[in-house]
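S.K.: Sequence:
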Amino acid sequence: MIGKGGERFQHLLSEYVREEDCFEKVVTLAGVDVSYKGDIASVACVAMEEGVVTQEVTWIGQPSFPYVSSFFALREFPLIYEAVRRVPCDLLFVHGHGRAHPRKFGLACHTGLYFQRPTVGVAGRILVGEFDNSYGDWTYLHFQNEAVGALVRTQEKMNPIVVSVGHMISLKSAVDYTRLSVMAHRFPEVVHLAHLLSRKTLDSR
DNA sequence: GCGACAG
DNA sequence: ATCTTGTCGC
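Numbering (the working numbering), first residue to last: 1 to 205.
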């Protein structure tokens, strides 16, 4: 596995994550996702402005690290880096966790810190934390005596998604922008489209 | 020891 | 993530 060194590395870098809104206005949104087929990875980054797709970038590569829960960035960051670096945006949604992570340093934090951009992590399942089961549209996710994320019900009758700060944004804003960015699916539209595009790119090759 | 464990 | 058919619901 990775060992204590990897955990210390994440703990150390988590200190540099900023949880305040470090932006003026959000015009361009972007989302990244990855699909796999054997040892081939397909990355897609989609940008939107006012509900209209303005840029699509794809990248095919090979993961150089196995999937290990809580060390997801070691596997996916080198891959999403190639697509994200070509897509300028005001706010980036990453499919994975941000601060809602054992060492408060998930893939979204890793990505936000590297690019120094406002980043939000959106995941389909909880990695760490507890929450009050009775809530309306959303509720905070607590871990080690602090709110590290939020469960957001983006669609009725569907399981909530886990939203957390990646970098340069407050948790409340992360929740607000996530809800504003969801259209007809469980995840923010840019992430949903990136998922479809990465999948499509993989199938047609 | 046993179960959990982002994608 | 991926392997996979039908099926319930809007």
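A hint or two may mislead.
[What the hints assert, rightly or not] Straight line, CA to CA, 20 Å or less: simulated DMTMM-like cross-link-like pairs of lysine to aspartate or glutamate:
(1) 37 - 90
(2) 25 - 82
(3) 172 - 82
(4) 172 - 132
(5) 4 - 21
(6) 25 - 176
(7) 37 - 146
(8) 25 - 189
(9) 172 - 39
(10) 157 - 203
(11) 200 - 15
(12) 200 - 82
(13) 25 - 49
(14) 25 - 7
(15) 25 - 50
(16) 4 - 19
(17) 4 - 20
(18) 200 - 90
(19) 172 - 19
(20) 172 - 56
(21) 4 - 132
(22) 172 - 203
(23) 172 - 137
(24) 25 - 39
By construction, these hints were calculated from the structure, which means they are not laboratory data.
None of the values given here were measured: they were computed from a predicted structure.
S.K.: Confirm or reject each hint.
M.R.: So, going through the hints one by one against the coordinates:
1. 37 - 90: violated, 31 Å
2. 25 - 82: Distance ~26 Å between residue 25 and residue 82 Cα, so the pair is violated.
3. 172 - 82: violated, 29 Å
4. 172 - 132: holds, 17 Å
5. 4 - 21: Roughly 32 Å separates the two Cα atoms, so the pair is violated.
6. 25 - 176: Answer holds: residue 25 to residue 176 is near 14 Å, not above 20 Å.
7. 37 - 146: Judged against 20 Å, a Cα distance of about 38 Å means the pair is violated.
8. 25 - 189: holds, 19 Å
9. 172 - 39: The hint is violated at about 37 Å.
10. 157 - 203: Violated, at about 30 Å.
11. 200 - 15: Violated, at about 38 Å.
12. 200 - 82: Distance of about 18 Å is within 20 Å: holds.
13. 25 - 49: holds, 12 Å
14. 25 - 7: Status violated; Cα separation ~35 Å.
15. 25 - 50: Since the Cα atoms of residue 25 and residue 50 sit roughly 13 Å apart, the hinted pair holds (cutoff 20 Å).
16. 4 - 19: violated, 26 Å
17. 4 - 20: Status violated; Cα separation ~29 Å.
18. 200 - 90: This hinted pair is violated, its Cα atoms lying about 26 Å apart.
19. 172 - 19: Judged against 20 Å, a Cα distance of about 10 Å means the pair holds.
20. 172 - 56: violated, 28 Å
21. 4 - 132: violated, 32 Å
22. 172 - 203: Given that 20 Å is the threshold and the Cα spacing comes to 37 Å, the pair is violated.
23. 172 - 137: Judged against 20 Å, a Cα distance of about 13 Å means the pair holds.
24. 25 - 39: Between residue 25 and residue 39 the Cα gap is close to 39 Å, so the pair fails against 20 Å, i.e. violated.
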